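Once you've looked at the hints, dock chain B against the given chain A.
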Amino acid sequence: MIGLRERRRPLRLGTEEEGILSMPRKPRAHYYGIEADERVRFALTDERLALARLAEAFWGSRAYPRERTAARSFADLWRQVHETLEVAEAEVFEGVLESDAEGTVAVEYQPEIALGAQERTPEADLDWLGSNVEELRHLYAGRWIAVVDGQVCGSATHLADLMQTVQEGGMATPLVTFVPDQEVIWRTAYDL
Amino acid sequence: MISKVFDQRVPFYEFQTANGSVWLPLVTIKIMPEQGHPVAIPVMFDTGATSTTLRSDLAPLFGASTWTEGDQVECNTAGGQVNMYRFDARLEVLGKRLSCPVYLTDTLPPHPAYQGCLGREGIFEHFGFGFWEKDLQLLVTSHP
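These protein sequence lines are chains A and B, in that order.
According to my numbering, the residues represented by the first sequence are 1 to 192, in order.
According to my numbering, the residues represented by the second sequence are 1001 to 1144, in order.
So here's chain A without its partners, still in its complex pose (with noise of 0.2 Å):
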């Protein structure tokens, strides 16, 4: 396992009447969404005070672009770290932040953190595939679909076209799949 703890800064806090979020080189402050001189003042139960700790504990702890998306909430960021660490280093940087943020933001955005960290992914999208695939074969017969979060975000009659739509809405790790216009042979070795 990587030890993430020691690789990552401390973002430094002022007190928690003040709320000050203390951002030492004035160019991170765009990787937060945040328009911010040097200090930045937010009152703790800002919700962006919560990403920005989460952000630069990320940030902090890998060599990251710089052009790098800004997350604008706890779910893009979660899907930034799924998508930039390898399984098991993502589920050791989870438990870290989980465990840091119970004594750093307010207690009200610590469900969301957690609801961040359990995001839908491509085998979730799976299932819910499994579960509507005569429904979506009666909507998009002959076209290719793009599924996040159990809706399909996106379909179009030729892959290169789906793709186009796939990184214009910034759609993070759909899962692809092509709905048949014709009688799909589903009995298989393994049919129970």
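No lab work stands behind these hints, which were simulated from the structure alone.
Quick caveat, the model's predicted, so the values are computed rather than measured.
You may find that some hints are simply not true.
Claimed, not checked - Sample of chain A residues facing chain B (criterion: CB under 8 Å; computed from the structure): (1) L129; (2) T173; (3) V179; (4) V184.
Idealized CB from N, CA, C, for every residue including glycine.
Structure of chain B alone, referenced to chain A:
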């Protein structure tokens, strides 16, 4: 006594069809493009497949406008000898990022549940597998 430890499993997914349920051992593999967002596609886990074989119209995911842009190879399959085209791919499979060859073919029937078969070449050597037929458990270790 031989003892093995597994850390994940290949789930069998239930698909509702007009004739009842079908259970399939499926894996989502992430295809990591040179640029842009990765996408995940479902594939059938197939220990009998020598290599990973995908539908020919997935070529855009590998930076090609047509599948024939790959390297042509002749492959022996259960249905006889067929032409396939090989691409070097960057995939994430069962939590590991791998560089391995994939083969595109136009002989796979269209199917909503999977877009090809996950085979052994360049992939299985990174894992260990155990299968329990009785309760359809296909277990995986990332540390073979």
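Verification of the hints:
1. L129: Given a least distance of 7 Å, the restraint on L129/A holds.
2. T173: Hint on T173/A: holds, closest Cβ of chain B at ~5 Å, below 8 Å.
3. V179: Nearest chain B Cβ about 5 Å off; hint holds.
4. V184: Since the shortest Cβ distance to chain B is 6 Å, the answer is holds.
The structure shown violates none of the earlier numbered hints.
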